[in-house]
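*Asks:* Model the full assembly from the supplied sequences, consistent with the hints where possible.
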Amino acid sequence: MPINFPAITYDKDGIHETAAVEDDFFSAGQDKVRWVDAGSLSDEEGIRALCKGIGIHGLMVEDILSTRQMTKMDCYDDCLFFVLKMLRYNAETLSVESEHVGIVLKDGCVISFQEQGKDIFSRVRIAVREARGNIRRFGADYLCYALIDTIVDNYFDIIEELGDTTDLLEEEIINSPDKSTLKRIYFVKRELMYLRKSVYPLRELIGSLSDSTSMVIGQEVRIYLRDVHDHLIQIVDSVETYQDILSNMLDTYLSSISNKTNDTMKILTIFSTIFIPLTFLAGIYGMNFDSIPELHMKYGYLLFWGVSVVITGCMILFFHKKKWF
Amino acid sequence: MPINFPAITYDKDGIHETAAVEDDFFSAGQDKVRWVDAGSLSDEEGIRALCKGIGIHGLMVEDILSTRQMTKMDCYDDCLFFVLKMLRYNAETLSVESEHVGIVLKDGCVISFQEQGKDIFSRVRIAVREARGNIRRFGADYLCYALIDTIVDNYFDIIEELGDTTDLLEEEIINSPDKSTLKRIYFVKRELMYLRKSVYPLRELIGSLSDSTSMVIGQEVRIYLRDVHDHLIQIVDSVETYQDILSNMLDTYLSSISNKTNDTMKILTIFSTIFIPLTFLAGIYGMNFDSIPELHMKYGYLLFWGVSVVITGCMILFFHKKKWF
Amino acid sequence: MPINFPAITYDKDGIHETAAVEDDFFSAGQDKVRWVDAGSLSDEEGIRALCKGIGIHGLMVEDILSTRQMTKMDCYDDCLFFVLKMLRYNAETLSVESEHVGIVLKDGCVISFQEQGKDIFSRVRIAVREARGNIRRFGADYLCYALIDTIVDNYFDIIEELGDTTDLLEEEIINSPDKSTLKRIYFVKRELMYLRKSVYPLRELIGSLSDSTSMVIGQEVRIYLRDVHDHLIQIVDSVETYQDILSNMLDTYLSSISNKTNDTMKILTIFSTIFIPLTFLAGIYGMNFDSIPELHMKYGYLLFWGVSVVITGCMILFFHKKKWF
Amino acid sequence: MPINFPAITYDKDGIHETAAVEDDFFSAGQDKVRWVDAGSLSDEEGIRALCKGIGIHGLMVEDILSTRQMTKMDCYDDCLFFVLKMLRYNAETLSVESEHVGIVLKDGCVISFQEQGKDIFSRVRIAVREARGNIRRFGADYLCYALIDTIVDNYFDIIEELGDTTDLLEEEIINSPDKSTLKRIYFVKRELMYLRKSVYPLRELIGSLSDSTSMVIGQEVRIYLRDVHDHLIQIVDSVETYQDILSNMLDTYLSSISNKTNDTMKILTIFSTIFIPLTFLAGIYGMNFDSIPELHMKYGYLLFWGVSVVITGCMILFFHKKKWF
Amino acid sequence: MPINFPAITYDKDGIHETAAVEDDFFSAGQDKVRWVDAGSLSDEEGIRALCKGIGIHGLMVEDILSTRQMTKMDCYDDCLFFVLKMLRYNAETLSVESEHVGIVLKDGCVISFQEQGKDIFSRVRIAVREARGNIRRFGADYLCYALIDTIVDNYFDIIEELGDTTDLLEEEIINSPDKSTLKRIYFVKRELMYLRKSVYPLRELIGSLSDSTSMVIGQEVRIYLRDVHDHLIQIVDSVETYQDILSNMLDTYLSSISNKTNDTMKILTIFSTIFIPLTFLAGIYGMNFDSIPELHMKYGYLLFWGVSVVITGCMILFFHKKKWF
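Chains as they are written, first to last, in our numbering: chain W, 1200 to 1524; chain P, 1200 to 1524; chain F, 1200 to 1524; chain B, 1200 to 1524; chain R, 1200 to 1524.
Don't take every hint at face value.
Pairs involving identical chains hold if they fit within one copy or between any two copies, as the list cannot separate such chains.
As the list claims (entries may be wrong) - Calculated pairs, DSS-like style, for lysine-lysine (alpha carbon to alpha carbon, straight line, at most 25 Å):
(1) K1497 to K1231
(2) K1521 to K1378
(3) K1522 to K1305
(4) K1378 to K1520
(5) K1382 to K1396
These aren't lab readings, by the way, just hints derived from the structure by calculation.
*Replies:* Set out below in structure tokens:
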């Protein structure tokens, strides 16, 4: 019984596409590259049948189906198995959404699984159809590389968007930080953390794969994998740089709030310390004692103003000396 | 003299259960899997007898009996010894309670020890009885894996509960942090720390075991162990992610309190600096000097109000320019 | 000339104790275990003679005599040399006091040196005398293990006491932190740091010793050393856990002080902003202008109270809206 | 068709310069050192032709052209490929500007690529022309070293300028920190971070190259590479030192602001707590109760002043005892 | 032409000193230890001649002359080259001053270079002259060790002085922290950082040297080098301990300032909230409304005092309940 996933069979001379995986798919055409792209995880039964057809261990099938599973790679002598995370940056909620992707490379077949069927590999399918670049000249290992490369390129886009947000935040922190800045720093830091958690293990896995002695990946394709590895190093570096920048920002932000609080305090202190003694003075001459001699002095009221001006002057001098303004 | 712990002997064809370990338990039925589950640590004498029966070193017996002993593994050529911690999350006290578990695998026998007899391995016992999954087809090494897997699966549950609490705390921090938030962040951080201390060494141990050349674990079961290892990597990753999120939260919380203090200060400062000079002015014209010319001016009182309004206006302009409101 | 340190010669059949080390001590009885316990470092000359007798390098002698020397191990083909720190926790000053201990194992002889002669090895001496446990059945390497084990067991006691103090501090932090809490956190953190500095290198040393190919430690005793190693791993883990808890506490403490400052500010702000305008109002009607129409209104005074109540009400509404109480 | 980049061919006896790369450039004169310096990345077609001429893999060409590519090295048996970052410190904006540089060493040819054509290698070109130092006596590997050394020397200049800025900031922090100090600390920290990201991988690459068994770099030139490696270690060390100093500064700054806020608070508190009770007292005797006996005492007014002085004295004593001034 | 640096030639039988290095110095007396101590770096020409005489690579000469060069070691089959930093602690400025030192060991010759000619190696020279200790019995490798040991011993002195300063600071922090404490913590932290930067690489270098298979250092001298290595481990440990203590202090200091600010706030709040309502009350009865019935009550004034006392009492109860005093 055929399995309802689109299948492509190609070599450098030709390409053959079918809407479903035929029963003899895995046994026929061994010298050609065969690619099945299971668009979504909804047809669990079909996926299990497919996995059985190519002969994958049951634990791998669980990994393919469990969207909770994080980035991992299993490398056997004749089989390569990837769980990857396709990421999508949502600029509105400042959050990174992830999509579960599985890739199996075995016996010249590549099977790819996507979580939500958003057809993230369309670019590769078009390249295969139109024989763009090297893809038709190489074998299934190159196809596998092309799929991984698609996902990694996508990480670059996210990094750039998070980088732009970081630059905006930096400008805000330096010029006019407010409370929403704090929230956004928090969110971007969290997303960078998730991103790093996805990319870091992949870097290690691709690195070890390009250096491994496994025969699943040919010598020529390894050079391309090393290029992907370089990209992943660069992405991890960028993520860490942005993380450091954001930590630096948060420290600076905290210091700048403390600075502001101190400034607020200074204004209050200057006003209070100038007027409180003056108000006391005014209070004294508002008292109803029978005999307050100053009240009956000729220039009493003027003297009061004189004393007030002197007190104010002294206060201002005092704060000036303390370099408060 | 038989030892009073329930014992199970099984192979793929049949199963035999006894309420106590017979004297010839360890010598008979070498081709079958034998499992003794010492429900609790209360019968110390029985445990010592059991350990002597299977021939475990005295230091291991101490480790089994000492609930203070942390996660460890001893791997010999013919014997595998685990000390594990079964964890239970108490959502009310926000604390993780741990239970001491010991597992010994030797000569086709598995002996498991639990601290409090809550029968955490009932799921495995049922699987054995009802021949669910692969358990009856494999040997004692698979049984040992199944016991460890039960404990590791349990860690996932705890991680999920702590994750939910973390998400709630995040929402609180962003929207309306209060003092209880701080306490709860503290508690969740502490519990994650304990969890990490339990899981991290286990990850290393299972990793080294699945790569080791020891013959205690068969080649086929190693694939399952590697799966457990993957799970442990994922758990440690999650724990570290939540720890980073909580640290990030605490920093943000501290900044947001400082922000609030500054806001409180601003309100106080605005009110004080507006009214203090006005009160001083009112104080002046409450003085009893003989000759205060303003008091007898025709529109003196109106003038006073005029001046007050002007002062207030200047203050409001000043604070507006400083972007305080 | 005999050296005045008590010496014990024993094997599994018998034991012979002398008050001083005889001249032929190191040459006679090669098949027995010989143990000299130099109680204190006061008799420097005796120690030098003893070291010369057994043939220790001059640099080791310096390490034995220098109490400044930190934990170290020298492992040669025929000789094992330890410098250890016996620790004692002083609950009153919250400080850990250390005592310098040296242990030499060579040619079936064990020589132990203590700083202050508090006889920390009495438990081992009694075990030898009364042939408790395995000590008389094993050789000098087991004796050496027993001495080290005594010291490591002692670390457990200290960890427990520091742990108790930490738990007390945690309760204080959560319920009613005050200034002495801060001081005590500081002290406990410092002592944990010192403890870690003593234990961490020892863990590495015992670990490498139990894995080394040196013949000084027999195969059977290595199992015991591995047990000590496990204990040291556990101690370091506990120390690090407590350190993390205390850091966590300090962060929480800082946040909770900021919270308190904000609360204090709020009380001040509420009171000030309510009463300052009222006082201004009262000040106005205390002025002596010739014509203040309100003063002569029939219900002037009642009106004044009415306005005051309205102002107060508005303020309370304002602060209620801001969720200040 | 010749490619329009200046080319130099030299050995220890002579030098030959051409304005363009002739068609037989890569095939002729194998025993001489040949250097093509592609001044800028604007002539992409020329660069592709040049790369094809010497036979570089297409992925390397992408790395040369992509200014986003970070520091990397590819080391093959017959080919050495570097991507480096030339840095320039802009003292006005406190920012480090980077320029993309590519260097290829293959078959006795060196090809260098610069991003903006600022001729950063002029010093090396002059040394070659005028046979300064050892450059004409050694082969293409030494030329390659000379180019890298030029870039690394340049890092030293930047480190020195950032170090000077750090010293200035330190002086400010200790003596009179203000808000611009905070901003500048932020910027210098960020630039040091970028610098470290450029230098750190280079240090690793040069280190591995000087230890590698690749034949591209001769034994004699390796000593020079080790010297560059030493310089890079020193640069990374300096960067890390300055980073630590700046972190230390920021902590100190935050503490010193808190100190200042406390001082501001103290002034306010002293003034308020002295005058508030006095003002209350004055208020009392300004009341219009029918019978306030004190108002009619003979020395009532003097007594009032006496009480005021006593209250003030007590307050001053109180604050003196609290060591506030 | 002789080079003007004092030279010493010695073996265990005799010693021969000359004021200048003779032309045949490096060729004659191969079986003796020869030591040239270039007192300062001022005679650059002499140093270059000396280096040429013994046959050192030009890059090493640059390292000797460049005081910017940090701690390093080059270890060849026949030559050992050190750049070290002699440190001097200036207790007044709380800063560590460094002096550049170079040591070359080749063919039984030791050449030492100092930056400022303060004769830091006089102790070693006297030991050689007076045949103290083992120095005359061993070869040039022991002399080299003796020079390094002199410098490392010196580090101990500095560590002790910084440790004393740290202890003083700790006492201040606990009892009466003020602003100069903060500055001094900053300075001591910075100096510890510099010290660590000098000592840490040396530790690695001496460690690798004592384990290396190079024949430059004899088997017997290696034991001494291992002792130096132990000392360096101890120094690095101490430095890290003090750094941790100082970080701990700074955290505690920040918390204690926050505590103080809160205390200051409390005093202000208590005073203000008690007196502000009272002042308002006094203001009311100072108003000139025609009809304020309370003013004409018989015990009006007493009642006023009664109300005031009640208000004050309530306030005090309120603050007492809040545990403010």
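*Asks:* None of the hints should be skipped; say for each whether it holds.
*Replies:* Structure-based check of all given hints:
In this assembly of identical chains, K1497 and K1231 lie within 25 Å of each other by CA distance neither inside one copy nor across copies; the values are 116 Å within and 106 Å between. Taking the shortest alpha-carbon separations for K1521 and K1378, only the inter-copy value of 16 Å comes in at or below 25 Å, while the best intra-copy value is 31 Å. Neither within a single protomer nor between protomers do K1522 and K1305 lie at most 25 Å apart by alpha-carbon distance, with minima of 75 Å and 63 Å respectively. Taking the shortest Cα distances, K1378 and K1520 sit within 25 Å of each other only across copies (19 Å), while inside one copy they are farther apart (34 Å).
Only within a single protomer do K1382 and K1396 lie at most 25 Å apart by alpha-carbon distance; the minimum there is 21 Å, versus 28 Å between protomers.
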